[in-house]
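Student: From first to last, the protein sequence lines stand for chains X and L.
If you count the first sequence from 1, position 9 lands on 7 in the working numbering, and the numbers rise without skipping.
If you count the second sequence from 1, position 133 lands on 131 in the working numbering, and the numbers rise without skipping.
Hints are supplied without guarantee of correctness; some may be wrong.
Since the list gives no way to pick out one identical chain from another, each pair is judged satisfied if it fits inside one copy or across any two copies.
As the list claims (entries may be wrong) - Computed list of lysine-lysine pairs in DSSO-like fashion (alpha-carbon distance at most 30 angstroms, straight line):
1. LYS153 x LYS3
2. LYS3 x LYS149
3. LYS79 x LYS3
4. LYS98 x LYS79
5. LYS149 x LYS134
6. LYS98 x LYS18
7. LYS149 x LYS96
8. LYS96 x LYS3
9. LYS134 x LYS153
10. LYS3 x LYS134
No lab work stands behind these hints, which were simulated from the structure alone.
Number of protein chains: 2
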Amino acid sequence: MSDIKTFNVTYELRGHSVGKMRNEVIGRQIEPTIEPEFNMASDEAGFHGGEGTAPLPLAYFCTGLVTCLMTQIRAFSKRLKINIRGVDVTAIIRWQAKSKGRDPYEASPLGFQLDVDMDSDASFEEQSRLLEAAKKGCFIEATLANPIPVKHRIKSNGNFIGVD
Amino acid sequence: MSDIKTFNVTYELRGHSVGKMRNEVIGRQIEPTIEPEFNMASDEAGFHGGEGTAPLPLAYFCTGLVTCLMTQIRAFSKRLKINIRGVDVTAIIRWQAKSKGRDPYEASPLGFQLDVDMDSDASFEEQSRLLEAAKKGCFIEATLANPIPVKHRIKSNGNFIGVD
C-alpha cells in the first residue's frame, strides 16, 4: 500500500501575432482545476522593431519564476509549520546571445539569482528547509532543474507535422 | 579575427507578497536596453487559498514561453528571408506534482507541446529552418534546453547567505 499521491497541472494557450511584433495570448489552467481564462500580450521595444504596447516576453517568464517560488514558500510554510508573515524576493536573471556573421543569434542562460527575505521568527535552518521544499514544489524551478524536450509541430496542408 | 558577437539580456525584479496568496512584482529589462518598468501580479484560486485577484504564476511562465518563440519566429523571418505574414501558436504545457504522506509535493514537467501555424507561402523545409533558428534564439527555450542552476540566498541578520 502506497501513500504516494499525484495530480496534474495543465495549461492551454493560443497565441496570435498582431501589429509589428505584438502577440496576444488567451490561456487557461484546465487541471487540477479549470480557472478563468487569462489574456496577456507581449510586444518588443522600438529597438527590436516593436511598438512597446506591452511588456516583453521575458518579463512574463521572469514574473512566473519569481511568483511561483513565492507562492510555494507561503503554501508550504503552513504544511511545514514554519511560520512566515510575508516574503520578498529580489531576482537578477541574466542571459547571453551569441551570433556569428549574419546568422541569427543563439541564446543561453548566464545566471539566475533569487534573494529571499522572509518576514519570520523562524531560524535560518527552518527557513532553509522551507526554501528547499519550495524549490522542489515550484513547477518552474523543477522544470529548470529537470527539463524535458519541448516538442514542436508545424502546420502544413492542414496537418501538424512534428519537426524535432 | 573572429566575427562572433555577443550581447547580454538582463532582468531585475522585486516581488512582494500581499493578501493571502497574491504577489506583486515590479521589474525591468536593464540590458541590452533599459526598458520601462513593468508591474505584474499573481494570485491563486480559492482552491489553493488565494483570492483570484490575478492570473496564476504558471500563466506568466506559459505566456513567456509562447510569446518568446513567436517573437523570434517573426524577428528571424526577416534575417533568414523566409517571409511570413503572421504566426499562431497553440500550446499545451503539462506538469505533474507528487507527494508522499504529509510531505510537501514535488513538481516535474510532463510534456510541453507547441503547434506553430505560419501564414506563409514558404515551403515546409523553409518553415522548419526558421523554427529551428527561433528555438535556438528563444531565451526561454534555450534555458529549458541548456539550463543552469538557479541560485538562492536567504536574508539572515541583514545579510544574504547562499543556500544551494
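Student: Each hint should be assessed against the structure and marked as holding or not.
Tutor: Hint by hint, here is what the structure shows:
For the homomeric pair LYS153 and LYS3, neither the shortest alpha-carbon distance inside one copy (37 angstroms) nor that between copies (33 angstroms) is at most 30 angstroms. In this assembly of identical chains, the alpha carbons of LYS3 and LYS149 lie at most 30 angstroms apart whether taken from the same copy (27 angstroms) or from different copies (29 angstroms). Taking the shortest alpha-carbon separations for LYS79 and LYS3, only the intra-copy value of 21 angstroms comes in at or below 30 angstroms, while the best inter-copy value is 51 angstroms. Taking identical chains as interchangeable, the C-alpha atoms of LYS98 and LYS79 lie at most 30 angstroms apart only when they sit on different chains, with a minimum of 17 angstroms there against 53 angstroms within one chain.
When the C-alpha separation of LYS149 and LYS134 is checked against a cutoff of 30 angstroms, the pair qualifies both within a copy, at 24 angstroms, and between copies, at 13 angstroms. In this homomeric assembly, LYS98 and LYS18 come within 30 angstroms of each other (Cα to Cα) only inside a single copy, at 26 angstroms, whereas the closest approach across copies is 49 angstroms. When the C-alpha separation of LYS149 and LYS96 is checked against a cutoff of 30 angstroms, the pair qualifies both within a copy, at 24 angstroms, and between copies, at 23 angstroms. With identical chains, the CA atoms of LYS96 and LYS3 are at most 30 angstroms apart between copies only, with a shortest distance of 6 angstroms across copies and 44 angstroms within one.
In the homo-oligomer, the alpha carbons of LYS134 and LYS153 lie at most 30 angstroms apart only across protomers (20 angstroms), although the nearest pairing inside one protomer, at 36 angstroms, exceeds that limit. For a Cα distance limit of 30 angstroms, the shortest separation of LYS3 from LYS134 inside one copy, 16 angstroms, qualifies, whereas the shortest one across copies, 36 angstroms, does not.
Taken one by one, the earlier hints fail for this structure only at number 1.
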